[in-house]
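Asker: One-letter residues, chain by chain:
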Amino acid sequence: MKETAIYIHIPFCDHKCIYCDFYSIIKYDDFEKYRNALITEIVNQAKIYSADRKIISIFFGGGTPSFMDAEYIGSILNTIAANFNLSNNAEITLETNPGTVDLNKLREFKSIGINRLSVGVQSFDAEELRFLTRIHDAETAVSTIQNAESAGFKNISLDLIFNLPGQSKSKWKKNLETAVSLPINHISAYSLILERGTILNKMVLDGKVKMHDSDFDADLYAFTIDFLNENNFEQYEVSNFAEPGYECIHNNVYWKYKEYIGFGTSAHSFIGNKRWWNYSALNFYLSSINEKGEAAAGFEILDNELMEEEYVMLALRSSGLDLNKFNYRFGTDWNQRNKKLVESYISEGFFQQSDNFLKFTKKGYAVCDEILGNLH
Amino acid sequence: MDLERERGITIKSHAIQMKYKSKDKKDYTLNLIDTPGHVDFSYEVSRSLAACEGALLVVDAAQGVEAQTISNLYLAIEANLDIIPVINKIDLPSAMTDTVKHQIVDLIGCDESEIILASAKTRAGIDDILEAIVQRIKPPAGDPEAPLKALIFDSVFDSYRGAIAYIRIFEGKLNEKDDIRFFINDSKHQAEEIGILGFTKRKTKSMSAGDVGYLISGIKDVRDAKVGDTVTTLRNGADKPLPGYKDIKPMVYSGLYPTSSDDYEDLRDALDKFRLNDSALVFIPETSAALGFGFRCGFLGMLHMEIVQERLDREYDQTIVTTLPNVEYIVMKKDGEEIIVDNPAEMPEVGEIDTINEPYVKAQIICPSEYIGGMMKLAMDKRGIYKNTSYIDPTRADLEYEFPLSEIIFDFYDKLKSISRGYASFDYEFIGYRESDLVKLDILLNAEPVDALSMIVHRSKAYDMGRKVSTKLKDLIPRQMYEVAIQAAVGSKVIARTNIKALRKNVLAKCYGGDITRKRKLLEKQKEGKKRMKQVGNIEIPQEAFLAVLQIDD
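Same order as they appear, the protein sequences are chains A and B. Each residue of the first sequence is one higher than the one before, counting from 1 in the working numbering. Each residue of the second sequence is one higher than the one before, counting from 377 in the working numbering.
Simulated from the structure, these hints should not be mistaken for laboratory data. Each residue gets a CB set at the ideal place from its N, CA and C atoms; glycine is no exception. Keep in mind that the hints are not guaranteed to be accurate.
Just so you have them, the derived chain B footprint on chain A, three or more residues with Cβ under 8 Å [as the list claims (entries may be wrong)]:
#1 32 to 38
#2 212 to 225
#3 364 to 374
Start from the sequences, fold in the hints, and give me the full structure.
Answerer: Written out as structure tokens, the structure reads:
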């Protein structure tokens with residue numbers, strides 16, 4: 001049985017945040033149409049892919065999945081359970097935005113089978129939240145986590161963004177301190193990315209907002225890693241930290257190059273050497289499901305070279321590259337190919353190697369893209 | 377050529393034939409050659425002139441007489457051609473037709489009525505020009521019954537047909553399938569195909585004295601169909617060639633290196649092929665401690681160099697690093713030896729040098745008189761020696777200067793244009809070598825001298841140049857994983873220093889299922905970008921950094 005993950009995209013949001021480049025829809029009232037399309041897609045794909053697979057993770061991402069009723073999410077979950085071999089201890093995550101859920105709704109989510117929450121807090125600072133145009137305030141962010149605990153969630157992650165324009169080091173430190181004081185086990189701490197097409201990007205281009213330079217970003221990042229390590233959160237990817245045993249299974253499917261199937265608008269799937277992605281636009285997605293029963297907008301077939309490149313990139317970005325596993329999987333000696341460079345990076349303190357396991361150091365993670373660009 | 381269209385200039389001559397019925401109903405065949413105007417390509421002009429009976433001196437109604445107008449005019453007069461003055465672009469709002477008329481009258485001493493007013497855009501005057509060609513220019517004189525003498529005035533290389541020579545027949549006849557002989561190499565071939573250069577090539581059976589056309593004779597090496605050579609028939613051939621051309625001599629030199637040393641052989645092949653179509657390019661292999669194996673290339677000037685580099689990239693897919701161009705120096709050593717240095721890295725140690733001599737040129741600058749002050753200041757900055765001022769008309773001055781060639785090859789032309797808002801023009805010719813107080817300025821990266829960044833400068837400019845170059849390099853070299861110290865030095869004395877801080881953060885925060893393809897493509901793009909950089913030690917240097925000096929603004 002191949003361990004496989006399922007991703008469900010819920011594109012609906014209350015509003016669009018200034019930094020967001022995800023496909024999301026603000027005004028919409030025919031949620032039923034989307035649910036039916038999702039169910040059709042799941043049933044159809046299951047016919048092709050369910051036979052020899054065990055689903056170890058389901059992730060509801062968005063958009064704002066917690067914006068939907070528990071019954072809505074539950075029915076999709078039931079469809080998956082009925083059509084795939086769902087592992088008994090599968091991780092089932094719901095992206096949750098503070099301000100869309102109260103204690104009662106969280107209890108409902110718990111009762112339909114959600115066992116992990118990824119809470120889009122982003123910041124505990126009132127000013128920063130306003131800047132990011134999040135709908136919640138600082139108190140709601142805290143109370144949402146507390147309510148989640150009361151509702152019985154034992155596996156809670158929260159997202160934070162740093163390197164915000166105007167953010168001081170002390171403000172960021174305060175955010176981290178608040179985060180670790182809450183009953184959570186996982187933190188995703190992202191350096192703000194200026195994505196093309198976002199409102200924030202336009203604000204920066206227009207000179208209305210000024211981003212910090214990359215040295216300041218580097219300082220915040222180094223501080224983040226140190227602070228979270230000291231508080232028992234281990235880094236297992238560029239932006240992800242977890243208490244031991246609470247690493248996100250779903251994330252690790254992506255990063256350990258396992259297979260996944262995505263449903264809904266803009267969702268990506270990866271099976272064998274093929275990756276494909278659904279239409280992003282809701283109307284295209286809906287009509288494609290209606291006409292063909294599937295919604296792939298494009299695909300790529302990865303040759304060995306590309307797969308090697310992705311494998312190394314994902315492994316090094318996350319918990320490290322197991323050289324034996326690489327050689328076994330691809331039949332070529334990556335280490336031999338990069339020996340000189342790797343040795344110099346080890347001596348310069350960018351990599352650490354134990355036995356046949358190569359991993360970035362704190363300094364290395366910070367310049368990960370630069371180093372990946374030099375390896376071959 | 378795309379480059380010609382993009383830049384709006386002529387790089388290569390173009391020959392074409394047209395039929396013309398004159399006003400008195402006679403049929404004429406006109407062979408026309410369009411030539412470049414830029415000083416770098418004046419050899420193309422003189423070659424073309426040698427193949428013609430007359431020349432149209434076309435002057436822009438808005439620009440007036442420019443320096444290159446005058447130098448090309450003199451070339452035409454030397455070649456004993458009939459000259460028809462034409463003022464083009466008379467339709468422009470900024471045309472100053474009357475002024476330009478006076479300039480031309482003063483210049484060639486013609487009657488005002490001989491000047492034809494034209495606009496290629498509105499077709500005004502075109503008929504007058506054609507009529508003037510048949511009226512005023514003498515028909516070709518050669519005897520079609522004499523032994524064949526055909527001048528190769530251009531040649532191009534076609535990968536299927538080999539060398540295609542563009543010829544002007546001065547005497548005799550050439551028939552398809554004739555056995556022919558090329559004088560310079562005394563090589564024998566067959567005229568596989570001959571024809572006329574219309575909009576496309578048109579095969580003919582025979583060509584005779586006065587005709588211009590092409591000749592394909594299965595020549596694999598374009599050097600066997602050398603421009604300036606004479607073609608004759610094997611049987612009953614001519615015993616003496618036509619006067620040929622002087623060999624062209626490069627004015628500036630620069631190192632061309634593949635960004636990746638694996639591509640050295642490819643670059644050699646590309647240069648070999650390139651030379652087939654551009655006989656002005658010369659190159660010999662050289663080695664640089666910093667850049668590895670490459671070639672020292674000689675160019676006619678900066679424009680020529682830019683074009684070669686650009687075409688190698690576009691047409692031959694060669695990613696190359698070009699080092700700062702320099703002139704050729706004659707160094708007298710204390711031991712009495714005289715050496716020629718065309719690469720700053722090969723300059724002998726200071727202690728061994730007695731004198732360094734550099735090439736000088738005589739330059740002509742023509743500009744509206746209000747810019748004389750600006751021109752003089754520029755000339756002074758460039759170590760110019762003032763010679764003379766004359767006036768083409770009351771508002772246009774003709775300044776004569778002598779310059780070290782090295783001072784005018786970089787940014788002189790751009791500065792001249794910007795100071796004069798585009799109105800000044802400039803031309804020069806080589807006049808000989810003179811002794812100068814020159815030093816070698818070295819650039820060190822992390823204490824290692826990078827030979828490819830060395831340059832020869834006048835002692836009085838060394839300090840300023842060292843400071844500007846190191847500052848510019850700081851901008852051009854991206855932050856690396858390690859700190860990079862930049863130093864400029866003359867001999868063992870460091871005259872400027874700065875450093876590039878180590879890169880501390882470069883990582884994309886998110887990489888989930890939907891990001892992987894995009895992230896991989898970014899990575900590939902990044903690797904592609906790194907391929908365009910040159911690795912010197914553990915420092916990645918972008919191509920443009922080797923030409924940092926060219927980007928210094930005062």
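Asker: Just to make sure I understand the rule, a stretch counts as covered if three or more of its residues have a C-beta closer than 8 Å to a C-beta of the chain. Does the stretch 212 to 225 of chain A meet that for chain B?
Answerer: Held - the stretch 212 to 225 of chain A has 5 residues with a Cβ nearer than 8 Å to chain B, which meets the minimum of three.
Asker: Are three or more residues of the stretch 32 to 38 of chain A within 8 Å, CB to CB, of chain B?
Answerer: violated (count 0)
Asker: Between the stretch 364 to 374 of chain A and chain B, are there enough contacts, at least three residues with CB-CB distance under 8 Å, for the coverage claim to hold?
Answerer: holds (count 10)
Hint check: a violation occurs at hint 1 only; the rest are consistent with the structure.
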